[in-house]
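Peer 1: Here is what each chain is made of, one letter per residue.
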Amino acid sequence: DTAVSQTPKYLVTQMGNDKSIKCEQNLGHDTMYWYKQDSKKFLKIMFSYNNKELIINETVPNRFSPKSPDKAHLNLHINSLELGDSAVYFCASSQGPGELFFGEGSRLTVL
Amino acid sequence: SQQGEEDPQALSIQEGENATMNCSYKTSINNLQWYRQNSGRGLVHLILIRSNEREKHSGRLRVTLDTSKKSSSLLITASRAADTASYFCATDGGGATNKLIFGTGTLLAVQP
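Protein sequences appear in the order of chains A and B.
Residue numbers are given in the working numbering: position 104 of the first sequence equals residue 104, and the series is strictly consecutive.
Residue numbers are given in the working numbering: position 57 of the second sequence equals residue 57, and the series is strictly consecutive.
The reader is advised that the hints may include incorrect statements.
Here are the simulated lysine-lysine pairs, DSBU-like style, with alpha carbons at most 35 Å apart [said to hold, decoys possible]: (1) A/K36 / A/K9; (2) A/K9 / A/K41; (3) A/K9 / B/K26; (4) B/K56 / B/K26; (5) B/K99 / A/K9; (6) B/K56 / A/K40.
Going by beta-carbon spacing under 8 Å, a handful of chain A positions derived as facing chain B [as the list claims (entries may be wrong)]: (7) Y10; (8) V12; (9) M15; (10) N26; (11) G28; (12) K41; (13) I45; (14) S48; (15) F64; (16) S94; (17) E99.
Okay, the calculated beta carbon distance ranges per label pair [as the list claims (entries may be wrong)]: (18) B/S68 / A/S80: 40 to 50 Å; (19) A/K52 / B/E53: 30 to 40 Å; (20) A/L83 / B/K56: 21 to 31 Å.
For the record, the hints were derived by calculation from the structure and aren't laboratory data.
Built from N, CA and C at the ideal position, the CB exists for glycine as well.
Assemble the whole structure, with the sequences as input and the hints as a guide.
Peer 2: Pasting the structure below:
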């Protein structure tokens, strides 16, 4: 069983559309994260939730809205997609400080 | 930017050789971690070293930490073709949240 799973793995869409990426972890961790990796492989944190509560909210356009229905799920919704949103989005989880467990990534391409 | 830097950006070696990657960071830390990313895959945790530790080993990996210089190094001994990947260091910024700041990464190619 995959520990941190994201869907979809690939997403190709037009500018201006709205899309969502879903993430689920079966590790029983309390904390989940969204990271964005750009074309140069720079990896930057976007959001973090601890037990459904938002604890990290980096400088991200408010077109990005995370939602955590329960501590095993963290979804990312993106409104009015722009070309610059093209990237690989990684979900991760951890139990307290320390090691992060990453999903396989969702590659978003905005045309 | 808080982002750390890794050096070299790319490294190509032969199987059996050792590979050394360096990481510099800018803030205080509680711990520093190293991750591996195979092409098209997610990141995988390799090793964590706490700020009060100077060296740590795990199998063929050796990590050192110098908090006075705000730097760390990752040594992979007796490299294998399967070690080909990007390697990232990550620091927690010394804060209470587990907000990891990743370095720019080193792309390691191990030639068979």
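Peer 1: Checking hints one by one. Is A/Y10 an interface residue toward chain B, by the C-beta closer than 8 Å rule?
Peer 2: At about 11 Å, which exceeds the 8 Å cut-off, the nearest Cβ of chain B leaves the hint on A/Y10 violated.
Peer 1: For the hint on A/N26, just tell me whether its beta-carbon gets within less than 8 Å of chain B.
Peer 2: 15 Å, violated
Peer 1: Given the hinted pair B/K56 and A/K40, is their alpha-carbon gap at most 35 Å?
Peer 2: Holds. B/K56 to A/K40 sits at ~29 Å (cutoff 35 Å).
Peer 1: How about A/G28: closest beta carbon in chain B under 8 Å, or not?
Peer 2: 16 Å, violated
Peer 1: Kindly confirm whether 30 to 40 Å is satisfied by the beta carbon distance between A/K52 and B/E53.
Peer 2: 34 Å, holds
Peer 1: Okay, B/S68 versus A/S80 on CB: inside 40 to 50 Å?
Peer 2: Holds: the Cβ-Cβ distance is about 47 Å, inside 40 to 50 Å.
Peer 1: For the pair we were handed, B/K56 and B/K26, check the Cα-Cα distance against 35 Å.
Peer 2: 21 Å, holds
Peer 1: Just to be sure I understand the hint, the distance between the Cβ atoms of A/L83 and B/K56 should be within 21 to 31 Å; is that true here?
Peer 2: Violated, at about 42 Å.
Peer 1: Are A/S48 and chain B close enough, Cβ to Cβ, to be under 8 Å, as the hint says?
Peer 2: 7 Å, holds
Peer 1: Can the hint on A/S94 be confirmed by a CB-to-CB distance to chain B that is less than 8 Å?
Peer 2: OK, holds: A/S94 within 8 Å of chain B, min 6 Å.
Peer 1: Regarding the hint that A/I45 lies at the interface with chain B, is the smallest CB-CB distance below 8 Å?
Peer 2: 6 Å, holds
Peer 1: With a cut-off of 8 Å on the beta carbons, see whether A/M15 makes it to chain B.
Peer 2: With a closest approach of 25 Å, the A/M15 hint is violated.
Violated hints, listed in ascending order, are 7, 8, 9, 10, 11, 15 and 20; each of the other numbered hints is respected by the structure.
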